[in-house]
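S.K.: Given next are the chains, with one letter for each unit.
Number of protein chains: 2
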Amino acid sequence: MRQVAILGVGQVPVREHWDTSIRQLAIDAARAAMQDAGVERVGSIYVGNMTSGNLNQQRQLGALVADFLGQWGVEAVKLEAACGSAGSAMRQGIIAISSGEMDAVLVIGVEKMTETPGRTTTSALATAADADYEIEHGVSFVGLNALIMRRYMHEYGYDRRDFAPFAFNAHANGSKNPYALFRQPISQKIWDNGRIIADPISLFDASPIGDGAAALLLVPAEKAPEAVRVIGSASAIDTLAIHDREDILRLQAAEKSAKAAYQQAGIGPDQVDFFELHDAFSVMAALSLEACGFALPGDGVKMAMDGDIFPGGTLPICTLGGLKARGHPVGATGLYQLVEATLQLRGEAGDAQIDGARIGMTQNIGGSGATIVTHLLQKP
Amino acid sequence: MRQVAILGVGQVPVREHWDTSIRQLAIDAARAAMQDAGVERVGSIYVGNMTSGNLNQQRQLGALVADFLGQWGVEAVKLEAACGSAGSAMRQGIIAISSGEMDAVLVIGVEKMTETPGRTTTSALATAADADYEIEHGVSFVGLNALIMRRYMHEYGYDRRDFAPFAFNAHANGSKNPYALFRQPISQKIWDNGRIIADPISLFDASPIGDGAAALLLVPAEKAPEAVRVIGSASAIDTLAIHDREDILRLQAAEKSAKAAYQQAGIGPDQVDFFELHDAFSVMAALSLEACGFALPGDGVKMAMDGDIFPGGTLPICTLGGLKARGHPVGATGLYQLVEATLQLRGEAGDAQIDGARIGMTQNIGGSGATIVTHLLQKP
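Line by line, the protein sequences give chains A and B.
Counting from 1, one number per residue, gives the positions in the first sequence under this note's numbering.
Counting from 381, one number per residue, gives the positions in the second sequence under this note's numbering.
Hints may be right or wrong, so weigh each one.
As the list claims (entries may be wrong) - DSS-like cross-link-like pairs, simulated, lysine-lysine; straight-line CA separation at most 30 Å:
(1) B/K639 <-> B/K603
(2) A/K189 <-> A/K176
(3) B/K569 <-> B/K682
(4) A/K259 <-> B/K682
(5) B/K682 <-> B/K639
(6) B/K639 <-> A/K223
Claimed, not checked - Far from chain B, by Cβ distances over 10 Å, these chain A residues were calculated:
(7) A96
(8) G100
(9) T122
(10) Y158
(11) G194
(12) D199
(13) G293
(14) Q353
Claimed, not checked - Stretches of chain B that chain A covers, calculated by requiring three or more beta carbons in the stretch to come under 8 Å of a beta carbon on chain A:
(15) 446-452
(16) 469-475
By construction, these hints were calculated from the structure, which means they are not laboratory data.
Even glycine gets a Cβ: it sits at the ideal position worked out from N, Cα and C.
Isolated chain A, as found in the complex (with noise of 0.2 Å):
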């Protein structure tokens, strides 16, 4: 199989874009990642999305962006994986060129969830979840999350103040990247006053939707040397009801899909510079940094309490904001992500970069851990 490196990379600033359009949010970032990789014209386009069909009223987005690129006659589709949408549409961008069959391809995150007049975000995200045995009895998509985070609490002896450090850092973080739907540091008072949505998670420890759109120019890594290279891409599932998993502290989909990405990069969790994970609630980012081998079972918490997870920290996360600053335009954060970590790998992170990174991990996962996609990018 052929290496894939990334050529070209785009995003727009995650916002409430009342004046922009879902086709025009996907085409602002494709090309501004086909004018970064220097290519005009692409053999294939996937892009991840999770709500259009509801929230905008438009599916077969595949298409329609192809079109409205100008990039008549290629292949094009839409994959949809909750949240784990646009890792998902990695996983096939990545693929379609490893096989052989494309030489240049565009995978694009898109997701418009303001304007979306008579139809609520809240119960286009709930389709995340099981809709016959969890969304049934009326627990929402945060409620489930709350679940998962009270157990954390229960079992490992936690309080919830204790997880504020993950709000912390992804708030100082995101304040130094243009990009980011948020950009004030916060304080231990300004998270005090953060109102619980569902106990024990509040304001700060839940990630806040948006409009926005990232978008990656894949090439046969042969052909481009100088770009940063995939050297591990892995999808697991696991169940989506939480009820039915062994253990709803362990994300066995994350630690199936870290290990396979470890195992084709060679290389373990010690020589990971930097992780762009899913902290889509505090305790998914616990849950993450524990499932990829960083952090013992319960200390996942404790590395964020101990600054571990901050810039100069041995491991920083979510160095451009993560979900909780940056912004969670659910079906294109998993391309954020890998924007991000490529930012960082070519240096061009600005404030937010960190020194001497080498090898960066980005984690994206759809609803309460069903769907976890794991990637590793190297520096040239």
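Dock chain B against chain A, hints included.
M.R.: Chain B in isolation, oriented as in the chain A frame:
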């Protein structure tokens, strides 16, 4: 690249499955395909589906289906390209095998369109078209196809009754398929009694929706020398909105994907023994025949009038009923076509068997020709 073989097929009858959930439909078809192949564990699962996000309030079908199939830890994702979703899922399954990344892949198409309280199927289907430039103006999906058919009649001088042989063929063939929704041949009198739905499209020019699921188990061809082989596979897009096309009577994405598939297979249209085409509307069947080199522009309807498309004709189409009689569970249809073509090539099509079938073609269309996926299969 490795060649791909179809080791197992599975399908459920297209019906109004009032007491079967979308997950169960998918699982039933998938289990049948796995059993047919004698394979118990796969590397990845690609699920084609269009409307589950709003009609069933369920997203993340990849993980859901993999979970309930007991395929924990595999890679799984949903693909969506409107009515071309299942064909698009097949494309990714093929690429996953040909890349060398996977050794056994399950491809499933599923749609559950009845029992969707409070949500209308017509609105859900309209999301296949351009929300801003087509649907916003009040045109429905059948309305768009009526515009195309009207133009066809005007341009080539046909009467709407000239399209009837497409329906006669489909319903006669569907009567021999136990999985078909409609199992009665229709007469000219019955056709004449079909009410106008969107002038000039009448009842029997349009395909019925339904609930259904179909699945294939793919493996590398070298591991299954006795299995039906995929000798051509390609997908292409056209503009989403039909008013953006140079010529609305030309399915450019069909031309392009068919041409690519012919090249891969090293054959021409004259070597194709039967064609499972996407007769969502009769005019689309005519346009597919023309785009793929079986008829000159304007002669697609003549081919039907001459009986060339019937069993025993020069190019039998919709041999097990097509979308019109087997039924059109939108995101599943592309897989039904592939299952049916495989059965024909195995000689397992029962009363509908095409004698001496050696090479079969399938073509799955998303929207009014915006995404078109073409496959060529060969008897081992």
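S.K.: The structure should be examined with respect to each hint, and the outcome stated for every one.
M.R.: These are the hints, each one checked on the structure:
Proximity of B/K639 to B/K603 is assessed by CA-CA distance (about 28 Å); at most 30 Å being required, the pair is judged to hold. Using a Cα cut-off of 30 Å, the hinted pair A/K189 and A/K176 holds, with the two alpha carbons roughly 21 Å apart. Restraint check: the Cα-Cα separation between B/K569 and B/K682 comes to about 21 Å, which is no more than 30 Å; the hinted pair holds. Among the hinted pairs, A/K259 with B/K682 is inconsistent with the structure: their alpha-carbon atoms are about 59 Å apart, more than 30 Å.
For the proposed pair B/K682 and B/K639, the alpha carbon gap of about 23 Å is at most 30 Å, so the pair holds. A hinted pair counts as satisfied when its Cα atoms are at most 30 Å apart, and B/K639 with A/K223 qualifies at roughly 28 Å. Not every beta carbon of chain B lies more than 10 Å from that of A/A96, the smallest distance being close to 6 Å; the non-interface claim is violated. With 10 Å as the threshold on Cβ separation, the claim that A/G100 sits away from chain B is violated: the shortest Cβ distance comes to roughly 5 Å.
For A/T122, the requirement that its beta carbon stay farther than 10 Å from each beta carbon of chain B is met, with the minimum near 12 Å. Annotated as non-interface, A/Y158 keeps its C-beta farther than 10 Å from every C-beta of chain B; the closest such distance is 29 Å. A/G194, annotated as away from the interface, keeps every beta carbon of chain B farther than 10 Å; the closest lies near 28 Å. No beta-carbon of chain B comes within 10 Å of the beta-carbon of A/D199; the shortest separation is about 25 Å.
Distance check for A/G293 against chain B: the nearest CB is about 17 Å away, which clears 10 Å, and the non-interface claim stands. Distance check on A/Q353: its Cβ is at least 33 Å (rounded) from any Cβ of chain B, clearing the 10 Å threshold; non-interface status holds. Taking a C-beta to C-beta cut-off of 8 Å, the region 446-452 of chain B contributes 4 residues in contact with chain A, enough for the three needed, and the coverage statement holds. Note: the region 469-475 of chain B has 3 residues with beta-carbon separation from chain A under 8 Å; the three-residue rule is met and the coverage holds.
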